[in-house]
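All chains, full assembly: derive it from the sequences and hints.
Chains as they are written, first to last, in our numbering: chain A, 1 to 482; chain B, 1001 to 1475; chain C, 2001 to 2102.
Watch out, some of these pointers could steer you wrong.
[What the hints assert, rightly or not] List of simulated lysine-lysine pairs, DSS-like, C-alpha gap at most 27 Å:
(1) B:K1335 to B:K1086
(2) A:K213 to A:K80
(3) B:K1404 to C:K2039
(4) A:K209 to A:K80
(5) A:K80 to A:K122
(6) B:K1335 to C:K2039
(7) A:K369 to A:K383
(8) C:K2039 to C:K2025
(9) A:K213 to A:K17
(10) A:K122 to A:K17
(11) A:K122 to B:K1335
(12) A:K80 to A:K17
(13) A:K213 to A:K122
(14) A:K80 to B:K1056
(15) B:K1086 to C:K2039
[Unchecked claim] Under 7 Å between C-beta atoms, here's a sample of chain C residues computed to sit facing chain B:
(16) V2010
(17) A2014
(18) R2015
(19) L2016
(20) E2017
(21) E2049
(22) I2055
(23) G2059
(24) V2060
(25) V2074
(26) V2093
(27) P2096
[To be verified] What follows is a list of derived Cβ distance ranges for each label pair:
(28) C:E2084 to B:E1234: 52 to 60 Å
(29) A:P258 to C:E2084: 33 to 41 Å
(30) A:S253 to B:Y1361: 37 to 45 Å
(31) A:M1 to B:Y1361: 41 to 49 Å
(32) B:R1005 to C:P2068: 55 to 63 Å
(33) C:D2056 to B:R1385: 18 to 26 Å
(34) C:E2084 to A:E155: 24 to 32 Å
(35) C:R2041 to B:E1014: 37 to 45 Å
(36) C:V2023 to B:E1253: 24 to 32 Å
(37) B:Y1361 to C:G2088: 37 to 45 Å
(38) C:D2044 to B:R1385: 19 to 27 Å
(39) B:A1410 to C:D2044: 55 to 63 Å
(40) B:A1272 to C:A2046: 39 to 47 Å
If you're looking for bench data, these hints aren't it; they were derived computationally from the structure. Using N, Cα and C, we set each Cβ at its ideal position, and we do this for glycine too.
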Amino acid sequence: MLEYEPVIGLEIHVQLKTRSKMFCGCQVSFGDPPNTHTCPTCLGLPGALPVVNERAVQFGIMIGLAFGCEIAERSLFHRKNYFYPDNPKAYQISQYDIPLCRGGHLGDVRIHRVHLEEDAAKLNHLGQSGRIHGADRSWVDFNRAGTPLVEIVTEPDISSPAQAREWLTVLRETLRQLGVSDVNMDEGSLRCDANVSVRPRGTRELGTKTELKNMNSFRFLERGVRAEIERQISRLHLGESVIQETLHYDPGSDSLTPLRSKEEAHDYRYFPEPDLGPLLATSELIAQARDELPAELPVQRAERFERELGLSAARAQELAFRAELAAYFERALAAAQSNGVGEVDAVELANWIPQLVERIGDADPGESKVAPESLATLAAMVKAREVSRDAAREVLTRLVEEGGDARAIVEREGLGALSGDEDGLAEIVERAIASDPAAAEQVRGGNMRAIGPLVGYVMRETRGRADGGEVTRLIRAQLGLG
Amino acid sequence: MSDVRDLTATAAAEAVRAGELDPGELFEAYRARAAADELNAFTWVAEEPPVNGGAKEAPLGGVPVAVKDLFCTEGVPSQAGSRILKGYRPPYTATVVARLHEAGAPLLGKTNQDEFAMGSSNENSGFGPVLNPWDRSRVPGGSSGGSAAAVAAGLAPWAIGTDTGGSIRQPAALCGVVGMKPTYGACSRYGMIAFASSLDQAGPLTRDVTDAALLLRHMVGHDRHDSTSLRFPEEISLPSREDLTGVRLGVPEELTGSDGGVEPGVRERFEATLRQAEALGATVEPCQLPHAPHALSAYYLIAPAEASANLARYDGVRYGLRVDGEDGLLAMYEKTRAVGFGAEVKRRIMLGTYALSSGYYEAYYGAAQKVRTKISDDFRAAFERFDLIATPTSPWTAFELGAKTDDPLAMYLNDFCTVPMPLAGIPALSIPCGLSDGLPVGFQLAGPAFSENRLLEAAYALERAIAFDGSAARA
Amino acid sequence: MLDRAQVLHVARLARLELTDEEVQKMAGELSHVLEHIEKIRELDLAGVEPTAHVIDVAGVVRADDPAPSLPVEVALANAPEPVETPAGLGFGVPSPGQAPGE
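See the structure below:
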């Protein structure tokens, strides 16, 4: 059976955090009483006209700069024509073949284009089901109509559902740090559709792609993409072909239904928007946008952590992709390097951050009770073998609960590491060897894998306070090994 | 009462400002006539005079203005001549109308028009045709037929309309009044119910050139609500020059119908007017606009294409007519639009949708926009040798009601002299230059962008020489 | 040159319901007009830029300052089917059967 590999591209819509809408002065809002933020323009009244929001353009340029895109000096708005109750003019003002930005990348995924457009209104249902199918009457709230949107389209560079989820996380964090959007999937300020196809492993030609919609959380995105990959592969294995279509993901049943009828795709009849002249990305706008960019975005920070601090790519990304984590880590590192807390290197310190996250979840570590200096101290103590790794985990838990100084907690709880010369560790090692002659014989014979039970005995006896490396050394010494 | 209506708008404004004429009396004189309109020129007439005082200090002296139905007027029906907007009252007023109001020209009434400005005879209105005051068995022209007829018949001192392919100039010609389409962008389009966004422009329809200048002066200007509006580089002056010395007039062979496209009576009046221009000191020579014969084709691709998108919003969801038989959304859309739109509008929506549809864009809309570029280039070249271009406005005088309604193409040919100018975005006006078989003939002048003052000056001088008497229609 | 199927397709794109008689008439009229218009395709337009905007109005933007919106009753004043929901007033419509393009 032929093995297939997935090819995934993402199409993301981001609501921009401007104060007013894309083409009119109505306030951008969420959750306000319906139809309280409308005007002739966003309602599509006869005779109304659009006027471009400069801040939205600036935000669009910032996004383009963050991705290293080519920013078009002159781009055009186009009308995208289709009928739907949430589309007040029956055309959406968008950008077509001359968008604001082209090219660029975020991490190892290339960006195809970034462009500006306006959001649709919100269609709600009066039926019981709460879902669009099965209701008789619906109603429309135009508060959202005209909200500025940026559409980001990637190249099909993503090769697994997990990678799609991870990359979208980086994107979200990047946009959040740019300050251009709330990027909240629950509120709809971040929406993501996926284009999915499969091809025989190792080939280059693209297979037929389908478009997946309605995955409104990261988890559903991953599941939806995975389900579609499986569906396509099954079809191909059955000798059938993949039909180009749009599919709607239903999280409840974890299944996909074709959204459009079998007839041909929309004919949007794009033509240049006559009510708006070309959009100019002037050198002023670009300079202003550049000024507003944060000094370092997540991907750049991750690369720096890897390059300058020697962190692994995975660990670097884990720390860099959340602004609060990165900030906390760098403070701890600074504390370690300048306050003389003892020798600790970045890699060592970095390994403790996930431990902290495990204990505090999504909360900002900077607001936890664990001062960065304390964490740095703890890491230094472990490195100096003053406390065992296991004991240190206990100390961290205490720090999370009460704050304070790591050293003080170790002393108070008596969690200091046991060493061979003091604290009777040597004696415990003797007892360990005596308790399991079989294992001891194995180790003496050169099978180091058998050392496990012996080490485990010592750890139990010392309630984890012994330093694992020290214990191993003592066992070997007592067994006559070097 | 009839004394008051003998005054031109400019004279009436002066009289009010001088304290010689009561603006309330002036308003009522016209209001009463408009309310008794037998030409179906009005779709709505004010029931009372405006409340504000201040007419004496205002530049337009309280002289009321008739406004084409497609200009949004807050709280007042604005239907664009269509049943799909029957009774629609907008929550805002078009910038141009608001500016005129502020300058002292209150709203007299809304005038009838071809539906969504699509037509050249005002027979496409959802509210019945308008009759030509010169001969009620004939059309007034379109699409601003109501505005033209109202001014010609003395039912309004002046009026505004819109011109996309000739919809101010052609009815002006057929009704024996002055009509002007300014440079594209000179007047704000905010609140003007859109037909073809890249072509539509508001403009005056008046009894004489001076009135046109005065009205236009208070219409032009940048509007922050309209991203295609421009700051007019100079003030519109009231013309005063009485000769045409040094004015070089170019006459394009392609638009003078030497091949028989123009009615003989119209040709005669046109030629006679050219001679009058020469007598006033102008030079008159032939010029070329090689792509002008294709202007009509380009226009009938671009305008319907833009219209098909502009009219898509009439879907029964938020305002206007809705036909909802509980058959679902698609049926609602299709039936609403089938019932609400007239035949000509449907035809143009179909034509425009087809021209933009997948596979046809380049061949039709794309090609038309290229022809448009060539036409602009032709004018640019012509204006290097000539100050103004002269043509007949309409190839024929007012035709009989129903004479051309069976053949859309024949109706489109009404526009062949007027469409090149909007395609190039340049200003043009029409003045009456005489009668042919008792019906008015229009003389068109066009100039480069922002040449409105020069156009008005030349038109003024000619108007004096021609001394056209339109009072018969006002009787 | 425009047959019945094409007319029906375009009518669907434009959301216009046409009677059989109208379809036939429309096919004839549109074909007639298109024949005339087609002549522009004979022109040599190689290398000519299409006119997207007839005047030079690039880069028109406005500051991101909110302006007052219409009061909700005014926004709904012309609505064919105003709906009162627990959250407030809305524009009632028949429900779409599927997504856009049904």
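Note to self: Could you work out which of the previously given hints the structure breaks and list their numbers from low to high?
What the structure shows: 6, 14, 15, 23, 32, 34, 35, 36 and 39
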